[in-house]
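S.K.: Sequence:
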Amino acid sequence: QIFDGKTDEEHRKETFCGSVATSVTSQTNVVYVRFYAEETGVNSKFAAVFTSMRVLGTQETCVPMEEYDCDDATCIHPDLVCNDIRNCKFGWDEESCEEGGSTIKLDFTKPHVIIVFIVLIGILFGMIFGMIWNLRRRIHESEEESGNSIDKSLSGDEEDVDGPPAFLPPHLPPPPPTKTFESGGPTCYVPDGGFPFNSRF
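For the sequence shown, full-length UniProt numbering gives the first residue as 1, with consecutive numbering after it.
Source of the hints: derived by calculation from the structure; they are not laboratory data.
Even glycine gets a Cβ: it sits at the ideal position worked out from N, Cα and C.
There could be a bad hint or two in this list.
So the derived label-pair ranges between C-beta atoms look like this [unchecked claim]:
hint : residue 1 : residue 2 : range
1    : Glu95     : Val63     : 18 to 24 Å
2    : His112    : Asn43     : 41 to 47 Å
3    : Cys17     : Glu98     : 34 to 40 Å
4    : Ile132    : Ser96     : 37 to 43 Å
5    : Glu94     : Leu56     : 53 to 59 Å
6    : Met65     : Trp133    : 32 to 38 Å
7    : Gln27     : Glu98     : 31 to 37 Å
Derived lysine-lysine pairs resembling BS3-like cross-links, with alpha carbons at most 25 Å apart [as the list claims (entries may be wrong)]:
hint : residue 1 : residue 2
8    : Lys6      : Lys45
9    : Lys89     : Lys45
10   : Lys152    : Lys45
11   : Lys6      : Lys89
12   : Lys13     : Lys45
Make the full structure from the sequences, and use the hints.
M.R.: The structure is reproduced here in structure tokens:
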């Protein structure tokens, strides 16, 4: 037998016989359970789950991050979700949970969760800033190296243009002397087979 607030017949909510019982909603936060058993079942046991919930009105909804909607016009505390106990009437709080344990849910209303979240965001932004700064530094160094190589190339070309004349090897013979002819002078033989203009035959 289930009693709501008091153990008189007026406050008796349900009477169950057998091994299966349905959900019972009480109006108070105090519930009494009266268990009867035959002599052969004195050592028998039972388990009951008492869950505090909020009943929704016609236009009401559960508060996000503070309540879990059981989809039956009731809300429960989010810590009761995925705790291996059916706290909702239809058991929706245990659906879509990881096998072997409960899922981890972040409650951003708690100060330590907010602090951890801010620290993680700061670390992420610091890593991104460091990567961008390092990339810009490498690009700047590459541009400086490219400019220095161009300056060295240009200075080398100027030295080649303004430098001393090319060196002549010492084994080359000197050029032959040039011969000049005066007008009216004696005739002479030209080695290349030519004749002077004033030659006579």
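S.K.: Each hint needs a verdict: does it hold in this structure or not?
M.R.: Verification of the supplied hints:
no., hint, verdict
1, Glu95 - Val63: 18 to 24 Å, "holds (21 Å)"
2, His112 - Asn43: 41 to 47 Å, "holds (46 Å)"
3, Cys17 - Glu98: 34 to 40 Å, "holds (37 Å)"
4, Ile132 - Ser96: 37 to 43 Å, "holds (39 Å)"
5, Glu94 - Leu56: 53 to 59 Å, "violated (20 Å)"
6, Met65 - Trp133: 32 to 38 Å, "holds (37 Å)"
7, Gln27 - Glu98: 31 to 37 Å, "holds (36 Å)"
8, Lys6 - Lys45, "holds (23 Å)"
9, Lys89 - Lys45, "holds (22 Å)"
10, Lys152 - Lys45, "violated (94 Å)"
11, Lys6 - Lys89, "holds (23 Å)"
12, Lys13 - Lys45, "holds (21 Å)"
Going down the numbered hints, you'll see the structure goes against 5 and 10, while the others check out.
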